[in-house]
Amino acid sequence: MKLSFSPEDELFREEVATWLQDNLTGEFEKLKYRGGPGDEHMFPDERKVWEQKLAEGGWTCVGWPREYGGRGCSIEQQVIFFEEYARAGAPGRVGHIGEGLAGPTIIAFGTAEQKKKYLPGIVAGTELWCQGYSEPGAGSDLANVKTKARFDESRGKWLINGQKVWTSLAHESDFCFVIARTDPESVAHKGLGFFLIGMDQPGIEVRPIEQITGTSEFNEVFFDEAYCDADDIVGAPGDGWKVAMGLLGFERGVSTLGQQMQFQNELDEVVRQARSNGAAGDPVIRQRIARAHAELKIMRYNSMRMLSGQSASDGALQKEALIYKLFWATWHRSLGELAMDVLGPECEILEGAPYALSRLQSMYLFVRSDTIYGGTNQIQRNIIAERGLGMPREPKGTAK
Amino acid sequence: MEFAFTEEQEMIRDTAAAFLSEISDSAAVRRAMATEQGYEAAVWQRICGEMYWQAIHVPEAHGGLGLGYVELVAMMEQMGRQLLCAPFFSTVCLGVNALRVAGSEAQQALWLGQICAGELTATLAFNGGSSHWGAQAITATWRREGDQFVLDGEYRYVIDGHTSGLLVVAARAEGSTGEDGIGLFLVPATTAGVECNWLPTMDQARKQAGVRMNSVTVGADAVMGEPGQCWEALAKVIDLATIALAAEQVGGCQQLLDMTVAYTGERVQFNRTIASYQAVKHKAADMMLKTEVARSAIYYAACVAQEALEDGPLAGELREAASVAKSYCSDAFFAIAGDSLQLFGGVGFTWEYDVHLYFKRAKSSEHLLGNGAFHRERLARALLD
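Protein sequence lines correspond, in order, to chains D and L. Start counting the first sequence at 1; every next residue gets the next number (my numbering). Start counting the second sequence at 1; every next residue gets the next number (my numbering).
Hints are not guaranteed to be accurate.
Listed next, with one range per pair, are the computed distances between beta-carbon atoms [to be verified]:
#1 Thr-376(D) / Glu-2(L): 26 to 36 Å
#2 Gln-278(L) / Ser-74(D): 55 to 65 Å
#3 Glu-386(D) / Ser-21(L): 37 to 47 Å
#4 Ile-349(D) / Pro-200(L): 50 to 60 Å
#5 Pro-59(L) / Glu-386(D): 16 to 26 Å
#6 Pro-313(L) / Glu-386(D): 36 to 46 Å
#7 Glu-337(D) / Ala-335(L): 29 to 39 Å
#8 Ala-143(D) / Ala-42(L): 10 to 20 Å
List time: in silico DMTMM-like cross-link candidates among lysine to aspartate or glutamate, alpha-carbon distance up to 25 Å [as the list claims (entries may be wrong)]:
#9 Lys-283(L) / Asp-231(D)
#10 Lys-319(D) / Glu-310(L)
#11 Lys-115(D) / Glu-67(D)
#12 Lys-283(L) / Glu-153(D)
#13 Lys-2(D) / Glu-310(L)
#14 Lys-116(D) / Asp-231(D)
#15 Lys-2(D) / Asp-339(L)
#16 Lys-2(D) / Glu-7(L)
#17 Lys-117(D) / Glu-153(D)
#18 Lys-2(D) / Glu-2(L)
#19 Lys-146(D) / Glu-67(D)
By construction, these hints were calculated from the structure, which means they are not laboratory data. Remember, it's a predicted structure, so these values are computed and weren't measured experimentally. Idealized CB from N, CA, C, for every residue including glycine.
Hey, can you work out the whole structure from these sequences and the hints?
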């Protein structure tokens, strides 16, 4: 076991930190610590400009291979980049769905034409993506997709009909990747296709969802005879589930350390509040802060294990990776509760009418989504028990 | 950065697991725990003679294997799985650590040599009977008389204190408080005035003793470091031992999880295995989460412990790493033990099944060297005060 980074990696860290220090200034100053989860609706235009600024410096798609315009960084360097990015308080990335999900999928499963058509815009930070997976009837049961795709021979295009939900940044995006049923008779994982769809067309309507925070960063997206070029299906019709699930394999936990840096910023704010309002003298609060601190430390060590672990030949996640979502989501939710309890009765008072939340208030409300999206805590426990412990699978229901 | 075991470390772990499953099965544990000594002499001889584990992280210069703390932690995890009854934790994690951190060259040569030869067991005594495991727990006193030192006072919760050949004891200068005035002394158990009594415990698989110093007089050769200035060294020894104990806790977590998954997969009620119920699966999933998180904590702490012994760049993190690991592992082990007993149902309540051995170990390990609340308060002081 070796915990330290190499001298070359430390130089890389300095390079990242220096670039961010030099460039996260002037018009971008106000973006610091903004635009992350729960705050994605803020400064979209300015953050689009920032995305292009990053691209100019070569700081988009740092983990992609060089042949696709990436920086070809090692795992260690990617970790360092995400850590320094969060440490500097650089804003939530409007390009993260393209860089983290759409791009890697196209690189892994796409055609040469698709790569040429879509990857440069992601690298340049000029084309933004959103994700069309969940539907009103396909939440935890993601394979229960009802959105349909039928091929119109006369126009030579796919026509998409249906509804997606919880689509973040849909109104800001140029493209959406969508799983839709290519075989209308099929059920569950079979008969799905994976489509790359332009958002700027009359057949697509985006409606914002007003959230618990009173703000909107998620949307509903309605497809009414929306078209998709014949060349813009990834994989064959029927392979959509395989392509969609392939995405999960790309997440080796590289970005988790950056996410934890954001958690650390939040915990630091809680500690500051506790020290200034006297809550730090309360023995119960002291225990809770210390617990949050200890578990965030361990979260980092767990990610280091994930990154160092050899992935099994069948692509199955290591045990420390299987438990990670349940661990961080539950931790983050508790941090929200702790933040309010540190503030005491003051936690109720808004920054202003009608509903201007402080950073900690917004965090407290938004973290309730962490244990729901991306596999609820209950689904995570099923997955851990079944894949991690080999316990019996849940029986399929028969309800219509 | 490579935060995983090397192939050699994996081999050491697997060898330990195989040997322990042979010498420390349930029957062996139950035989040993029923005795006052708490271990079978033949088993300890095999450990020392065949495996040389007592010498695992003793420097080669003193006849040891010269391996690191990561290897020691990997081994403690396996010992925790099998509830090994042997004076290993006391001799290696308390005694050897104390000698390495605070012993002079001559003291190390003398005592580590005997430990490596399998001729001597050792332990550490410092707590006078407090649930606070910091400096204030030390109530025994030392005073100088000419060239000699006189020790007086009482210790509780001394692991294997009634069977150890060598006692490393902490005492404070008369009238001193807190971290001031602490001295460390090497006292053979046969020294006049030393009284060691077995304290029967709920967790029978780990023996504890009460130790009394009745005006025990020792010479300069028994003095470790500078009398009165030893708290820093002692704190380091305690932190190192705490990390080893946390590793043992993780082994217990893993064993309980495995036992529970196996049992619930066999036990049939309402015509299905109880493992097929979500109420059971979700509890097991939480047990696995706690086990893996605890494991991440001890692997990091093991790396820090190694650096602390070598004065590496992360040496300054020792105190925090120990408290992070011990607070999490203590709570995880006890929660898992409670859940395991619950999922075993009625048989978990019997003496016949092994669950109770781990349930009892979980509580004894939780309180030994400071429980979760104690270690969180240590973290809180660094963060908030």
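Distance restraint evaluation - Ile-349(D), Pro-200(L), Cβ atoms, bounds 50 to 60 Å:
The hinted range 50 to 60 Å holds for Ile-349(D) and Pro-200(L), with Cβ atoms some 57 Å apart.
Taken at face value, is the distance from the CA of Glu-7(L) to the CA of Lys-2(D) at most 25 Å?
Holds - the C-alpha atoms of Glu-7(L) and Lys-2(D) are around 13 Å apart, at most 25 Å.
Glu-386(D) and Ser-21(L), beta-carbon distance inside 37 to 47 Å?
27 Å, violated
Does the hinted range 16 to 26 Å hold for Pro-59(L) and Glu-386(D) at CB?
Check failed, 47 Å falls outside 16 to 26 Å.
Given a hinted range of 26 to 36 Å, is it respected by the beta-carbon distance of Thr-376(D) and Glu-2(L)?
Taking Cβ atoms as reference, Thr-376(D) and Glu-2(L) lie about 34 Å apart, which means the hint holds.
Within a Cα-Cα threshold of 25 Å, do Lys-115(D) and Glu-67(D) meet the stated pairing?
With Cα atoms ~11 Å apart, Lys-115(D) and Glu-67(D) stay inside 25 Å; holds.
Regarding the pair Lys-116(D) and Asp-231(D), is the alpha-carbon distance no greater than 25 Å?
12 Å, holds
Verdict for Pro-313(L), Glu-386(D) (Cβ pair) under range 36 to 46 Å:
42 Å, holds
Tell me if the straight-line CA distance from Lys-146(D) to Glu-67(D) falls inside 25 Å.
Answer violated: Lys-146(D) to Glu-67(D) is near 37 Å, above 25 Å.
Take a quick look at whether Lys-117(D) and Glu-153(D) sit within 25 Å of each other, Cα to Cα.
Cα-Cα ~23 Å, so holds.
For the pair supplied as a hint, Lys-283(L) and Glu-153(D), is the alpha-carbon distance within the 25 Å limit?
Violated: Lys-283(L) and Glu-153(D) sit about 53 Å apart, past 25 Å.
For the pair supplied as a hint, Lys-2(D) and Glu-2(L), is the alpha-carbon distance within the 25 Å limit?
5 Å, holds
The earlier numbered hints that this structure contradicts are 2, 3, 5, 7, 8, 9, 10, 12, 15 and 19.
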